[in-house]
Amino acid sequence: MTRKQFFLVFMIPTFIILFFLAFYPLLNAFYYSLQNWDLRSSRPIRFVGLKNYIQLFTDARFLNSLRISLLWSVITVGFSVFFGAGLLAPLINDNAKGSFRTICLFIFIIPALLPRVGAAYMWRLMYSSSIGIINYFLSFFGIGPIGFLENPSYALYSVAAIDIWQWSFLIAALTIILLQDIPKEIIEAGSLDGAKRWQLYRFIIFPVIVPPFLSIFFIKMMESLRSFDFIFVLTAGGPGVATETLDMYAYWQGIGSAGRVSYASSMSIVMLVITIILITIVWRGLVRWHE
Amino acid sequence: MARVNGKDIFYKIIIILVLLIALAPILWMFLSSFKSRVDIISYPPKFIFTPVMDNYKRVLQMPTLMHGLRNSLTIVPISLLLGFIFGVPVGYIFARIKFKRSADLRFFILSLRFMPPVAVALPFFLIWMRLGLLDTIPAVIFTYLTIAISTMIWLTIECFKQVPVECEEAAHLEGCTQFQVFSRIALPLAIPSILGMCIFIFILLWNEFFLAFVITSQRAVTMPVASAAFAVVGMEVPWGQICASVILLSIPPLILSYFFVKFLPYFFKVS
Amino acid sequence: MKKSLFVLLLITITMSLLIIPGLASAQNKITINVLTQPRREWELLEQYLPEFEEKENIDVVFHYFAELERRSKSRLDASTKAGQYQVYYIDEANVAEFAVNNWLIPIKDYYPEEYDFADFSEPLVAVLTFNDITYGAPMTFEGNVMFYRKDLFERDGIAVPQTLDEYLEVVKHFHNPPELYGTAVRGLRGSGMNVWRFSPYLKMFGGQYLDENGVPAFNSPEAVKAVEYYIELIKHSPSPTLSWSDAMDNFNAGKVAIVEYANLKMDYTMDPKGSVVYDKVGYSKPAAGPMGAISNTAVHGLGISVAGCPTEELKAAAGKFIGWFTSKENEIRKVVAGSGLTNARKSTFASSEFAAAYPAEFVEAQVEMMKIQQMCILQIPEWPEIGDYLGIKLEELFTKAYAGQSYDIQAALDDAVAYAKEVLGKK
Chain A
1 MTRKQFFLVF MIPTFIILFF LAFYPLLNAF YYSLQNWDLR SSRPIRFVGL
51 KNYIQLFTDA RFLNSLRISL LWSVITVGFS VFFGAGLLAP LINDNAKGSF
101 RTICLFIFII PALLPRVGAA YMWRLMYSSS IGIINYFLSF FGIGPIGFLE
151 NPSYALYSVA AIDIWQWSFL IAALTIILLQ DIPKEIIEAG SLDGAKRWQL
201 YRFIIFPVIV PPFLSIFFIK MMESLRSFDF IFVLTAGGPG VATETLDMYA
251 YWQGIGSAGR VSYASSMSIV MLVITIILIT IVWRGLVRWH E
Chain B
292 MARVNGKDIF YKIIIILVLL IALAPILWMF LSSFKSRVDI ISYPPKFIFT
342 PVMDNYKRVL QMPTLMHGLR NSLTIVPISL LLGFIFGVPV GYIFARIKFK
392 RSADLRFFIL SLRFMPPVAV ALPFFLIWMR LGLLDTIPAV IFTYLTIAIS
442 TMIWLTIECF KQVPVECEEA AHLEGCTQFQ VFSRIALPLA IPSILGMCIF
492 IFILLWNEFF LAFVITSQRA VTMPVASAAF AVVGMEVPWG QICASVILLS
542 IPPLILSYFF VKFLPYFFKV S
Chain C
563 MKKSLFVLLL ITITMSLLII PGLASAQNKI TINVLTQPRR EWELLEQYLP
613 EFEEKENIDV VFHYFAELER RSKSRLDAST KAGQYQVYYI DEANVAEFAV
663 NNWLIPIKDY YPEEYDFADF SEPLVAVLTF NDITYGAPMT FEGNVMFYRK
713 DLFERDGIAV PQTLDEYLEV VKHFHNPPEL YGTAVRGLRG SGMNVWRFSP
763 YLKMFGGQYL DENGVPAFNS PEAVKAVEYY IELIKHSPSP TLSWSDAMDN
813 FNAGKVAIVE YANLKMDYTM DPKGSVVYDK VGYSKPAAGP MGAISNTAVH
863 GLGISVAGCP TEELKAAAGK FIGWFTSKEN EIRKVVAGSG LTNARKSTFA
913 SSEFAAAYPA EFVEAQVEMM KIQQMCILQI PEWPEIGDYL GIKLEELFTK
963 AYAGQSYDIQ AALDDAVAYA KEVLGKK
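Residue numbers (our numbering), protein chains in the order written: chain A, 1 to 291; chain B, 292 to 562; chain C, 563 to 989.
Since the hints were derived computationally from the structure, they do not count as laboratory data.
Where is the CB? At the ideal position from N, CA and C, for every residue including glycine.
Among these hints, one or two may not hold up.
Said to hold, decoys possible - DSS-like mimics (lysine-lysine), calculated; alpha carbons at most 27 Å apart, straight line:
#: 1; chain 1: A; residue 1: LYS184; chain 2: B; residue 2: LYS452
#: 2; chain 1: C; residue 1: LYS765; chain 2: C; residue 2: LYS962
#: 3; chain 1: B; residue 1: LYS303; chain 2: A; residue 2: LYS196
#: 4; chain 1: C; residue 1: LYS765; chain 2: C; residue 2: LYS734
#: 5; chain 1: B; residue 1: LYS303; chain 2: A; residue 2: LYS184
Said to hold, decoys possible - Label-pair distances were calculated between CB atoms; the ranges are:
#: 6; chain 1: A; residue 1: ILE146; chain 2: B; residue 2: LEU372; range: 43 to 51 Å
#: 7; chain 1: C; residue 1: SER909; chain 2: B; residue 2: PHE550; range: 55 to 63 Å
#: 8; chain 1: A; residue 1: LEU286; chain 2: B; residue 2: HIS463; range: 26 to 34 Å
#: 9; chain 1: B; residue 1: LEU351; chain 2: A; residue 2: ARG46; range: 33 to 41 Å
#: 10; chain 1: B; residue 1: GLU460; chain 2: A; residue 2: SER99; range: 31 to 39 Å
#: 11; chain 1: C; residue 1: GLY854; chain 2: A; residue 2: ARG46; range: 26 to 34 Å
#: 12; chain 1: C; residue 1: GLU891; chain 2: B; residue 2: ILE339; range: 42 to 50 Å
Full structure from sequences and hints, please.
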């Protein structure tokens, strides 16, 4: 089999599937966004042009949710990557060997495997200011009770903490797996030069795993933009709209209470455009930084 | 030497603390799963109590939950396998074969994941409705293929790039076909990291809630959807049953991921 | 090389073959798909389901979703005419919407006579009725009963409050956090949460959602007073964002002195496995405001889907299922099994089984409550949206008040009214 045959045999089926699965829903969503389709009413569906899009930018809740989504993504991606890859992975990689290492890896994956909705309910109980265990421990230090989920200023961070808890361990596990593939010689060469541990990581080990790691980073970013379930269970977007991300708001407008499919679709299209722009910027920036 | 040992122990202690942070909430859920409702809501929190098995009994008696678990155990591995079949060779192509618009296509693949689920869920619902496939396992698998294939391609590109080019060139010189180079040289060398990525995709699919919520109802209901339904009985939160279900439903993927971490790399290395 | 490709293909094909047979489930038997939410009494009656299935030769499948998801699912199914379900679980919040859009078949046409529709309590049937047509058979309802800690009241020699002012005084008297909170009220936004609980207060203070002309008017001075009162209760609660479940969990944990709460919660409060204060609770009817005492009624019932029942045969089968499910026999089964409050028949509430299952004091409070029950939320199709928005505004006020930040009730209500006017097209 020549290169060309190999290329065609594998690329064509895959891309046919992807184009169908991606463009059909996407084009549909765009099509809906130009209409006034509302699940709640049986009036005939009409085209309204860009009306939904114009309405979006006068909708204070939409603008608020944009801000919350951005904040949420920055916090959860930043901290999970920092804790996971920056602190936990080197710690385990250097200090745990053999089966202890496998056990660590294994345990790190567990938080991500929990059914998220169920786990979120449990966190809700643990966060409770009157009967929760976290405030119970804090009371030993004379702190609290703290209204983790009910104070508009902390709620977003409290929910984000759970997401970070779940993801930083997973990211750590994946980073450790990536680190295993680094040839021993590179590390040994670095150690001989008398480099400090963190320098070794900063200048020798991390650069090697940066490209695969960036891929994970992007996926985590995608996932952050859609971590709907935790917020839905823990605060339902509240207090008020303090934790209402774009995803929550689009759900509420589209399939949730309001049933305005077209409006929610236009919101999603705007979200898509913003994501593409942001990711392109981040992508270019990272590529340049890496070079 | 003694100093080094001291440092060693210090790090070991830190690692154990870290493991505790990872596990403490889960241990608390485990403990709570054996409590009756009154013990769960009482304050100060109870560490010593009379364990009851009621929660587990009830969870195991819920047909939908077990049904959801079975469905997830069918849907996720099949989607993952199909993702592997369709995605990994393409990842290899992106890593090794230069062609026009390669960078653009790569970005397109990533961009498939940008779409908010709220927007794509409804079109999917309507397609499967028209095809009469609503609430069926194939519909869910097809819907998940976007996630599985695109993530698989995106993540394996870099795995293949880590494979030394020299090995492949040598194989080419010895007259291997492109497929042989891929299947006998590149894939086995890259497999440990690819399997790591597979765990990752497995978890993404395993936890996917929104799309499954919209396109399934009972026959093809997945585990996250089924367990979300039971998280509120009427409007009552059945804490004990939630804990029991969280524990029970985590076991199968746990075993699977252990398998991934421990055995699969050897399997591939031997062959 | 060709071999490996062939193997790949084979795997794919086998896999598809494995799946596809699962699709074709051709059956001659009628299947009734019921969209519902998990509840204790559904679990219970599911055990008796074979009895119905054998008698009528009908298969019944329950599709369980949590309350909010169940509402979204039923709307999606009805609106797109997907017709996945023959029977919908309906409630006070969506009957109007379903009725206006003709998504439900009038229930009385298909409710079998043998099951006696007239036995359902009239105020409950009224909630599932829109423009004089009844769309659902009620199966459970919720109204407010006062639960108070008898032991604490006796210790301090405090009388059971009769008016809202007395009630607030009692709440303040006992409030001593973090050991004991005066009360616990729902503050979380969302359907069935803060707005549901707030609505009777709005009425008791003389406010209303719509004025005579159907224009939103819940920013009146009376409405502001009602919010002020509610905020006082929130300030004496363990948290400003309690959900339906959380509020009573706090009471059952012995952390709260007095609540007015859903009668349904009694099944947990009197259970030693569900409450540490099960033997220390007194019951009374709700306290009265300036406009008298009002208990908000919430009713859940079953209705027949238009989209899911294209044939007469299916409609009749769906009617038979609803009839069986809400039958007298099944209601008594629920009473005996400890879910006696999730019922809707006059005969059940008057039965000896019911009297034996609950303390006399509670039964009396419930009887009094049923006399003052009213549907306090709006019965219009736009309600879900208006109610949710108001819930968000209220939650903002509550959390700010609780955290000691400044807040503006009038502005928040004006905002919610403006939104409601827009939704109703009354700008």
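So, going through the hints one by one against the coordinates:
1. A:LYS184 / B:LYS452: Cα-Cα ~18 Å, so holds.
2. C:LYS765 / C:LYS962: With Cα atoms ~24 Å apart, LYS765 of chain C and LYS962 of chain C stay inside 27 Å; holds.
3. B:LYS303 / A:LYS196: holds (20 Å)
4. C:LYS765 / C:LYS734: holds (23 Å)
5. B:LYS303 / A:LYS184: Roughly 23 Å separates the two Cα atoms, so the pair holds.
6. A:ILE146 / B:LEU372: 43 to 51 Å: holds (46 Å)
7. C:SER909 / B:PHE550: 55 to 63 Å: holds (58 Å)
8. A:LEU286 / B:HIS463: 26 to 34 Å: holds (32 Å)
9. B:LEU351 / A:ARG46: 33 to 41 Å: Given a distance of about 52 Å, which is not inside 33 to 41 Å, the answer is violated.
10. B:GLU460 / A:SER99: 31 to 39 Å: Holds, since GLU460 of chain B and SER99 of chain A (Cβ atoms, about 37 Å apart) stay within the stated range.
11. C:GLY854 / A:ARG46: 26 to 34 Å: Because 47 Å falls outside the window, the suggested range is violated.
12. C:GLU891 / B:ILE339: 42 to 50 Å: holds (44 Å)
Going through the hint list in order, the structure does not satisfy hints 9 and 11.
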